[in-house]
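Undergrad: Single-letter residue listing:
There are 2 protein chains.
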Amino acid sequence: MDDANLTIADRIQARLETLTRAERQLAHAILENYPASGLGPIATLAKDADVSTPTVARMVQKLGFKGYPEFQADLREELKAKVSGPIAKHDTWAEGAPEGHMLNRFTEAVIQNIRHSLAQIDTNDFDAACAQLADTSSRLHIVGGRITHTLAEYLFLHMQMIRPEVIHIQSTSNAWPHYLLDVKEGDTFAIFDVRRYESNTLKLAEIAQARGARIILFTDQWRSPIHSLADICFSSRIVVPSAWDSAATTLLLVETVIAAVQDLSWADTKDRMQTLEDMFDQTKLFRKFT
Amino acid sequence: MDDANLTIADRIQARLETLTRAERQLAHAILENYPASGLGPIATLAKDADVSTPTVARMVQKLGFKGYPEFQADLREELKAKVSGPIAKHDTWAEGAPEGHMLNRFTEAVIQNIRHSLAQIDTNDFDAACAQLADTSSRLHIVGGRITHTLAEYLFLHMQMIRPEVIHIQSTSNAWPHYLLDVKEGDTFAIFDVRRYESNTLKLAEIAQARGARIILFTDQWRSPIHSLADICFSSRIVVPSAWDSAATTLLLVETVIAAVQDLSWADTKDRMQTLEDMFDQTKLFRKFT
DNA sequence: AGAGAACTGAAAGAATAGTTTCATTATTCT
DNA sequence: AGAATAATGAAACTATTCTTTCAGTTCTCT
Numbered sequence: 001m002d003d004a005n006l007t008i009a010d011r012i013q014a015r016l017e018t019l020t021r022a023e024r025q026l027a028h029a030i031l032e033n034y035p036a037s038g039l040g041p042i043a044t045l046a047k048d049a050d051v052s053t054p055t056v057a058r059m060v061q062k063l064g065f066k067g068y069p070e071f072q073a074d075l076r077e078e079l080k081a082k083v084s085g086p087i088a089k090h091d092t093w094a095e096g097a098p099e100g101h102m103l104n105r106f107t108e109a110v111i112q113n114i115r116h117s118l119a120q121i122d123t124n125d126f127d128a129a130c131a132q133l134a135d136t137s138s139r140l141h142i143v144g145g146r147i148t149h150t151l152a153e154y155l156f157l158h159m160q161m162i163r164p165e166v167i168h169i170q171s172t173s174n175a176w177p178h179y180l181l182d183v184k185e186g187d188t189f190a191i192f193d194v195r196r197y198e199s200n201t202l203k204l205a206e207i208a209q210a211r212g213a214r215i216i217l218f219t220d221q222w223r224s225p226i227h228s229l230a231d232i233c234f235s236s237r238i239v240v241p242s243a244w245d246s247a248a249t250t251l252l253l254v255e256t257v258i259a260a261v262q263d264l265s266w267a268d269t270k271d272r273m274q275t276l277e278d279m280f281d282q283t284k285l286f287r288k289f290t
Numbered sequence: 001m002d003d004a005n006l007t008i009a010d011r012i013q014a015r016l017e018t019l020t021r022a023e024r025q026l027a028h029a030i031l032e033n034y035p036a037s038g039l040g041p042i043a044t045l046a047k048d049a050d051v052s053t054p055t056v057a058r059m060v061q062k063l064g065f066k067g068y069p070e071f072q073a074d075l076r077e078e079l080k081a082k083v084s085g086p087i088a089k090h091d092t093w094a095e096g097a098p099e100g101h102m103l104n105r106f107t108e109a110v111i112q113n114i115r116h117s118l119a120q121i122d123t124n125d126f127d128a129a130c131a132q133l134a135d136t137s138s139r140l141h142i143v144g145g146r147i148t149h150t151l152a153e154y155l156f157l158h159m160q161m162i163r164p165e166v167i168h169i170q171s172t173s174n175a176w177p178h179y180l181l182d183v184k185e186g187d188t189f190a191i192f193d194v195r196r197y198e199s200n201t202l203k204l205a206e207i208a209q210a211r212g213a214r215i216i217l218f219t220d221q222w223r224s225p226i227h228s229l230a231d232i233c234f235s236s237r238i239v240v241p242s243a244w245d246s247a248a249t250t251l252l253l254v255e256t257v258i259a260a261v262q263d264l265s266w267a268d269t270k271d272r273m274q275t276l277e278d279m280f281d282q283t284k285l286f287r288k289f290t
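In the order they appear, the protein sequences are chains S and E. Take the first sequence: its letter number 248 is residue 248 in the numbering used here, and every next letter is one higher. Take the second sequence: its letter number 5 is residue 5 in the numbering used here, and every next letter is one higher.
Honestly, I wouldn't trust all of these hints.
[What the hints assert, rightly or not] Distance condition first, Cα-Cα at most 25 Å in a straight line; then the derived DSS-like pairs of lysine-lysine:
1) E:Lys80 with E:Lys66
2) S:Lys82 with E:Lys82
3) S:Lys80 with E:Lys47
4) E:Lys82 with E:Lys66
5) E:Lys66 with S:Lys47
6) S:Lys62 with S:Lys47
7) S:Lys47 with E:Lys82
8) S:Lys82 with E:Lys80
9) E:Lys82 with S:Lys80
Hints in this document: simulated from the structure, not taken from any laboratory.
Construct the entire structure; sequences and hints are all you get.
TA: The following block contains the structure:
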C-alpha cells in the first residue's frame, strides 16, 4: 500500500472533507472509540453511528479496502503494532502538534483548572444554588461585568428558556440602577465578577443585598470582594498561558448549573420549550435540518 | 459478574495451570498479541496458535463466555476502556459528589468533547487562522447567532484589545446588512454557527464571501452548511447530558486562538494595552486591588 | 500392556455477518 | 422552481464464521 504507514484514523481524517453526511457521522463514531468500535461486527458499528450497514460497507470500500473484514484486519495490525510499541501516553491534545504548541499548552492548563475548580465545589452548595435558580416564586437577576457579561448573557439566554422572570443587568451599563428599583425581598442575583473586580458590580451587589436579595456569585480563585455578601460562591481557576484569563472553567460550571436547573424544572420547562419551538417555526429563523 | 473488574488476560493467566496442552498453546497465542489476536476470526486465532477451531470455542466457554463472539465483545469493551485513558479514570471530578451527580457527568462529557475536538484540529489550519486574525492589513468581522453571539462577543472583546479594525455583527439583528456595505476584498470573517444553524447567518456568509471575504468558521461536529464557504473550519463536539448543547469546547478553542494571536501581535498589542490601562485608570472602572 | 477417560480436530450444520440491489429521499445544478 | 444526480437504508441474498457432533488419538491408571 502507498499509505501503509498512515493509520486508518489518519486516512479517515484526511478524507473527512470528501465524505457525505452519513459517512461523516460514521467516521466520527469510528474515531470516537478508536479502534475498538471498528473491531466489532458491521451491524454494531452501524447502529452506534446511527447509519445503515450498507453505508459502512460502502465507506470502507471508499477508504480503499476490499471489504469490511479487510478493514478490520488492518485495524488489528495497527493495534498489534501500537501495543507492542511504546506505551501510548496522552500527553498531547492536538495530535500532530508539537508538545509546546499553544493548543496543547492551553488545553492542558484548562483541564488542570477544571480539575482543581471542580474538586473544591461543595455539592450541597451546588444543589442549593440550582434549587434557588429554579425557584420561580422570586425573580432572577443576572449580572456580568466588562468581559463576564458574555457569560452572564449565556446564563440569561438559557434561564430565560427554562423559567419566567429572568432579567439581565450589565453592570457596566449606566442604566443598572434602574433595574434595582423593583428588586424585592427574596429575589435572586447571579453575579459574575472575576479579576479586575469592578467597582460598579460591587456597589450593585451591596444595594441588591441591602434590599433583601440573595446572591450567587461566580468568581475566580482569588474571589471577588462580593463573596462576603454572597450566599453561595463558586470560584474557578482562570490562569492560562495567555495575557488574559480563561472563562472556560466558569462556563463549564454555568452550563452544569443550567443542566441541573433544567432537570429540576423540566415539568414547567417542557411547555416553554414547545412554545419556543413553535415561534421559531413561525419566524423561519432556522434552516430546516434534521 | 464477580470477576468483572479482571481483564480477560488476568483470567487466562489465573487458569493457565488448569488448561490442557492445546489450550495452553492457545492461551499463549492470545497473550502474545493481546488483545489484537483475540479480535480476529476464530479460525485465524486457531491457526496462529496451531490448534483447531473447536479448541478455541471450547476454551472461551471454559473461561465463562457463552461463545466466541461474547468473548470478543468483552475484549472490545476492555480495549475501549483502556484507550479512553488515564484521564477518564479520574472518575469523579467534584470529590464528594456521587458519581452520577450532574457535576461529574457533565464535566466528564466536556472533557471528552475537548479531547475529541482537539484531536481533530489540523495544526496548520490553526496557525493559518491565527495568522489571518492577526493580520491588521484587512478588517476583521465577527459574527454570532442566537446563542453563539456570546462567544462572538467574547472573541470580539479580546480581539478589540489586540488589534484595530474589529467589528462585531449579530446576525440575529436586522441591521446586519448595513455592516456588509463596507466589506472589502480580503477582509476576514470569524463566524460562529452551531446546531440549529441559522438561515440569516448562512446568507450573511454567502454575501461576505461573494464580496471577497475569507471566512473562519467555528461550528459543531456536524458542521454548519457554511463550512463549504469557509477557508478554515473548526468543529467542536458539543453534546452533553443536558437539554442544550455545550459551548465550553468552542470557548476553549476561541481562547486558545486569542492567546496565539496575541503572541503573534505582541509588539503592536503592547502599546494598545498600556493605553487601555491608562483609560481604565481615568474612568475608575476597577477597584484598586493588588 | 490394556481399558477407560479425556483430549483433539475434521467435517457438517446452524447462525451470524457482509454485500448487493433497488426504491426512496435528499441535494445539486440548470 | 424543476429536472438530474447523488446519497441513503430496507430487504434480499451470499458468504463467512461459529458451533456441534463424532471418530480418531493420546494420556492415565491399574
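Undergrad: Determine which of the earlier numbered hints do not hold for this structure and return their numbers in increasing order.
TA: none
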